[in-house]
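Going line by line, the protein sequences match chains A, B and C. Position one of the first sequence corresponds to residue 1 (the working numbering), numbered consecutively onward. Position one of the second sequence corresponds to residue 1 (the working numbering), numbered consecutively onward. Position one of the third sequence corresponds to residue 1 (the working numbering), numbered consecutively onward.
These are computed hints drawn from the structure, not numbers from a lab. No residue lacks a Cβ here, since even glycine has one placed at the ideal position from N, Cα and C. Please note: incorrect hints may appear among the correct ones.
Residues from chain B that keep clear of chain A, each with C-beta distances beyond 10 Å, as calculated [said to hold, decoys possible]:
#, residue
1, LEU45
2, ASP74
3, ASN132
4, THR137
5, ASP224
6, LEU254
7, GLU273
8, VAL311
9, ALA379
10, PHE443
11, ARG482
12, ASN490
13, TYR493
14, SER501
15, ASP523
Derived list of chain A stretches under chain C, where covered just means 3 residues or more per stretch with a C-beta under 8 Å from a C-beta of chain C [stated by the list, open to error]:
#, stretch
16, 140-149
17, 244-254
Calculated lysine to aspartate or glutamate pairs in the EDC-like style (CA-CA distance at most 16 Å, straight line) [unchecked claim]:
#, chain 1, residue 1, chain 2, residue 2
18, B, LYS429, C, ASP193
19, B, LYS429, C, ASP62
20, A, LYS52, B, GLU415
21, B, LYS351, B, ASP402
22, C, LYS36, A, ASP293
23, B, LYS351, C, ASP67
24, A, LYS225, A, ASP293
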Amino acid sequence: MLNYSLKRLASAIPTLLILITVAFFLIRIAPGGPFDSEKALPPEIEANLEAKYQLDDPLIIQYFRYLGDIAQFDFGPSFHYRDWTVNQLIAQGAPVSFTLGGIALVLAFVFGVGIGIWAALKQNSPSDYLTMSVAMIGISIPNFVAAPILILVFAITLGWLPAGGWDGSIQRMILPAVALSLPMIAYVARITRGSMIEVLHSSFIRTARAKGMPEHEVLLRHALKPALLPVISYLGPAAAAILTGSVVIERIFTIPGIGSHFVQGALNRDYTLVMGVVIFYGVLIILLNYLVDLLYAWLDPRIRYEG
Amino acid sequence: MPNVRVNLFSALLPGLALMVAGCGDGSEQPTPQPIRLAEPVPVTLDAFGRPAPDVLAEQQQLHRGNGEEPQTLDPHRAEGVPTANILRDLFEGLATTAPDGRIVPGAAGRWDISRDGMTYTFYLREDGRWSNGDPVTAEDFVFSFRRSVDPATAAVYGRMLMPIENAQAILAGDQPPENLGVEALNERTVQIRLDDPTPYFLGLLTHASTYPVHRPSLVEHGDDFVLPGNLVSNGAYELVEWVPRSRLVLDRNLDYHSAGGVIIERVVYYPIEDENTEFQRFRVGDLHWTDQVPSNLFGWLSVNLPQALSVSPWFGTYYFGFNLTRGPFRDNLPLRRALNLAIDRDILTGKVTQFGEIPTFTLVPDGLPDYEPPLPDYAILTQAQREEMARELYREAGYSEDDPLEVELRYNTSENHRKIAVAVAAMWKQTLGVRTRLINEEFRVFLQNRAMRRNTEVFRAGWIGDYQDAFTFLELFHSAHRRNDSGYDNPRYDRLLEQISTERIPARRRNLMVEAERMLLGDQVVLPVYTYVTKRLVNPLLKGWEPNVMDFHPSRQMFFVKSRAQAEAEAAAMQPEVAPETETDSGTTGDVTVVEEGTT
Amino acid sequence: MKGETTIDAFEQAMDKRRVKGRSLYVDAWHRLKRNKAAVAGAIILLFIMVLVTVGPMLNPWDHEIPDWDNYSTPPSLDTGHVMGTDALGRDLFERVMVGGRISLLVGVIATLVSLVIGVTYGAVAGYLGGRVDNWMMRAVDAIYALPFMFFVILLMVVFGRNIFLIFVAIGAVNWLDMARIVRGQTLSLKNKDFIEAARVSGATERQIIGRHIIPNLLGVVVVYVSLTIPQVILVESFLSFLGLGVQEPLTSWGALVNEGAQELETAPWSLLFPATFLAATLFAFNFLGDGLRDALDPRDR
């Protein structure tokens with residue numbers, strides 16, 4: 001197991017390197033630079049800025065200097081938020097995104113799996129069709145529509161919850177977390193339903209039932225674990241996306257997470273910030289995939305890792 | 001939290017019901033009820049011209065929506081309106097503005113201007129202090145002006161100081177910053193020498209790039225001097241908290257020279273880029289002041305929130321530019337004129353932008369105290385006549401229905417630009433038969449394309465004046481200006497601009513500027529559409545501010561008054577048994593009651 | 001990312017059915033016909049496709065030119081705007097139809113692009129195997145770790161705002177799932193008994209690929225396509241939210257829904273109609289896709 005972990009870790013390094021290289025050159029190809037503005041800069045000042053941020057060296061030199069910097073976990077100063085370093089911005093935004101994404105993940109897991117199992121047990125009945133249709137709404141309505149509707153209903157009309165903003169209080173987390181989890185609930189429900197149906201038709205469940213085991217025990221002790229496998233393999237990478245925030249949700253609810261850095265950073269040509277969050281995301285994905293494998297091993301003892 | 005109570009039920013349910021029911025007939029919608037915001041008591045002033053204590057509300061915390069997150073709080077590197085709003089609270093330049101936008105003494109209590117208009121002497125206030133108690137000295141200003149033009153600072157707005165002696169050479173790195181024409185005559189006197197008489201120079205001194213910075217903290221903290229805990233400022237407020245992209249909290253600076261007159265105790269700025277979000281947060285009472293208003297809500301707001309909606313002219317013009325360096329607009333004045341005349345500005349402002357933007361045919365906005373833009377003669381015609389002229393010119397330019405102009409119109413990604421571009425393209429098509437390709441570009445790509453003048457044909461542009469003078473618009477079209485994206489290159493125009501810069505007699509200077517603008521409009525370098533307005537929602541209890549063309553609204557001038565309901569409740573509590581026959585005695589017996597109110 | 005969900009299901013399903021002969025498709029067709037949700041999905045899709053094709057021809061309004069007298073008016077027979085007008089006075093019915101054409105086109109073409117890239121890449125990797133396969137999949141992993149949206153946005157920024165580039169950009173990023181699925185399939189097919197048998201009985205490589213590998217991949221591909229199109233339509237709508245979608249005066253359901261969401265209270269019809277079409281289409285594709293998957297997987301019924 002340890003051997004396997006080390007191998008996985010080692011294999012992550014070339015993956016990350018490819019990722020960094022692709023992202024670095026991609027963002028630099030984009031026309032325009034971080035200091036463009038509608039009020040044009042005199043050439044002298046533009047030159048001063050480029051010198052200050054070391055953008056006047058050849059790109060390849062900048063690339064290797066960047067690799068050297070990130071090897072020491074220094075992601076440099078943000079070009080757009082000029083009073084902050086990328087490290088500071090991520091340290092400030094990541095906990096926000098993690099909190100919100102974490103809640104959304106829990107919601108998605110609990111409700112998604114719940115709905116999925118329920119629908120599977122009532123397979124092909126009207127209530128199966130009804131719940132799955134409702135779940136499908138989560139997938140079919142873009143969250144930039146769902147979020148304003150949630151605000152309109154729960155914040156404006158009913159006045160139960162705040163309309164946005166972030167101060168760490170639970171009230172302000174509810175609406176964005178719900179909006180974030182809606183499409184995921186739907187996906188998780190569909191996957192759970194599918195795999196649950198499959199498991200329920202498998203021979204070992206039939207055997208268990210034939211032995212006269214109580215139905216809830218059949219479900220909880222035997223069916224649930226294997227049925228969760230596909231859910232886990234979906235949630236792994238999906239979690240990385242959710243935990244690193246969503247630009248839509250952050251924008252509509254004014255939440256200072258890191259999700260909008262992916263888009264705004266690219267649009268602002270904030271080279272260092274974009275690279276910072278891209279690497280952050282990449283590392284998270286690799287970690288989560290590893291975690292998924294561990295969970296798999298736990299859920300399905302048939303899987304063994306070859307050294 | 002701000003204690004605004006908003007009752008929204010009645011206004012919203014019809015809309016929601018319509019959504020849910022999916023019913024298509026809008027006529028069944030009952031008339032919406034105005035949302036109720038607390039109604040303010042009338043402001044009465046005390047003997048010193050300040051609001052009387054008995055009209056002031058107890059809570060004096062201001063929550064302002066502020067558009068984008070500031071890029072930096074370093075005043076010399078700052079850019080953008082949202083940052084300028086915050087810096088105006090934190091810092092104070094030599095001069096500052098009154099609520100109506102007039103220039104009034106700031107850190108300098110008074111100043112002299114030499115007869116030739118080239119030397120300014122500023123006498124700093126004796127009681128001017130930094131937020132850590134240090135006195136604000138002439139040396140502070142000398143240091144700060146030098147820093148602002150020092151190439152090492154890489155100041156984005158360094159050019160604001162260009163009129164000062166040697167500034168240009170210093171910015172270019174040809175001279176050391178010490179050569180800047182700013183000098184401390186003594187502890188409290190600063191003298192500034194200019195290269196040319198610059199009538200708008202005092203206006204420049206309200207700009208962030210001329211604010212003083214506190215040298216010792218800069219030395220101690222380096223680039224981090226702007227972070228909370230480090231930042232020492234000389235304005236009415238000091239920085240206490242800054243969570244990037246979340247909020248920025250300022251508290252009253254008790255060392256400020258006029259701290260006694262500052263009523264708002266705490267200001268919280270929220271960076272909210274999405275206008276709809278900002279609007280919703282205003283509605284639920286999170287905000288007292290918004291930066292923007294969603295552009296499609298005018299009708300709704302004028303029914304539901306008229307008392308909170310503030311719209312006033314702004315010092316900026318929305319226009320389209322022509323690329324004059326290549327076809328089809330190069331050397332084709334009739335074509336440019338035809339496109340200009342074919343658009344109906346009344347429809348654009350009345351139906352598309354809706355908020356009372358002012359249709360315009362000139363580049364410089366109307367409303368400057370000493371400048372009258374030269375109206376072209378077609379401005380007084382009817383739109384039908386203009387369209388007739390446009391068709392003639394279009395034929396003259398060599399195009400017809402069968403051989404129409406095909407043109408690209410570029411704009412950067414924005415709801416408002418999109419709507420205007422679509423409407424303009426439709427007008428050109430209907431009046432002239434022009435085939436317009438709309439090209440929406442991401443902002444930085446758009447800017448680059450404009451500046452390179454290779455791809456662009458017609459492009460969306462807008463300019464908000466940096467200082468209150470027509471020159472801020474006219475200088476854009478100097479052949480060497482970096483933002484002259486039209487590529488206008490007219491030696492006569494350039495010469496006029498140079499004459500304006502050196503002209504000392506105001507009347508002659510004004511005439512030269514009118515002549516320059518007439519030339520610009522005669523050559524139809526741009527297609528002006530409307531004068532911008534600022535539009536925002538403000539809680540009716542917030543007073544002390546006035547709309548002004550520069551859209552400067554320092555928090556130190558504002559204050560909250562009591563709501564009428566609260567004042568009445570207090571009055572009732574004061575004299576529970578006596579019938580309110582006379583209403584004039586409220587101030588005399590108020591003390592005890594006010595204390596009680598404060599403790600509940 | 002979401003495509004990941006389907007991979008396992010596919011692989012399991014495909015393993016089961018591969019062994020059977022070609023009559024499987026006939027069986028699958030019968031099973032599909034019995035699945036009411038899938039059939040309903042197919043009918044809805046057909047209806048929407050016909051409507052967006054024919055609708056504009058029957059409608060007197062132009063999708064470009066505003067009706068200057070009717071800005072943002074609710075649906076009404078009097079004005080002749082059966083779905084009302086948008087904030088610029090353009091007939092919403094016409095806009096929804098034009099937008100539907102674009103959205104469906106984006107969905108189909110981007111999916112085809114990702115299909116071509118994905119199938120080729122996956123098949124090559126799987127068929128060649130060994131070290132080449134290892135490196136090719138390593139590259140896929142690296143691109144997987146690249147945030148999808150960041151990638152699409154940069155492509156849009158770099159290459160401008162051409163509608164074909166939108167297809168290509170979305171397709172170019174979406175092929176990863178397909179590549180993984182196809183690789184997995186090819187890898188396991190390669191060593192299957194019936195392929196061995198064919199090989200032993202003297203079939204050429206070409207015959208093997210043509211007769212066995214491609215038909216066996218076809219099922220996966222059909223299911224993948226029906227589930228990817230709705231995802232792509234959603235991605236396009238997200239780009240529209242960011243203002244990076246199709247150029248005016250063209251539009252898409254995503255762009256219309258985004259405009260409508262701004263007018264939630266003031267002009268609810270401008271959200272309602274495009275959102276209904278968008279949701280109905282996504283519903284239909286998803287039900288059809290699920291139905292296809294179930295139909296191709298004989299175990300459950």
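Status of the hints after comparison with the structure:
1. LEU45: 35 Å, holds
2. ASP74: Its Cβ does come within 10 Å of chain A, the nearest being 7 Å, so this is violated.
3. ASN132: Correct as stated: the minimum Cβ-Cβ distance to chain A is 19 Å, above 10 Å.
4. THR137: About 26 Å separates THR137 (chain B) from the closest Cβ of chain A, which puts it past 10 Å; holds.
5. ASP224: 8 Å, violated
6. LEU254: Label holds. Min Cβ-Cβ 25 Å, cutoff 10 Å.
7. GLU273: 7 Å, violated
8. VAL311: 23 Å, holds
9. ALA379: Nearest chain A Cβ is 27 Å from ALA379 (chain B), so the label holds.
10. PHE443: 7 Å, violated
11. ARG482: 4 Å, violated
12. ASN490: Nearest chain A Cβ is 19 Å from ASN490 (chain B), so the label holds.
13. TYR493: Since the minimum Cβ distance to chain A is about 18 Å, TYR493 (chain B) lies beyond 10 Å and the statement holds.
14. SER501: 16 Å, holds
15. ASP523: 21 Å, holds
16. 140-149: The restraint on the stretch 140-149 of chain A holds, since 7 of its residues have a Cβ under 8 Å from chain C and three suffice.
17. 244-254: With 3 residues close enough to chain C, the hint holds.
18. B:LYS429 x C:ASP193: 67 Å, violated
19. B:LYS429 x C:ASP62: 12 Å, holds
20. A:LYS52 x B:GLU415: 35 Å, violated
21. B:LYS351 x B:ASP402: Violated, at about 31 Å.
22. C:LYS36 x A:ASP293: 37 Å, violated
23. B:LYS351 x C:ASP67: 11 Å, holds
24. A:LYS225 x A:ASP293: Holds: LYS225 (chain A) and ASP293 (chain A) sit about 14 Å apart, inside 16 Å.
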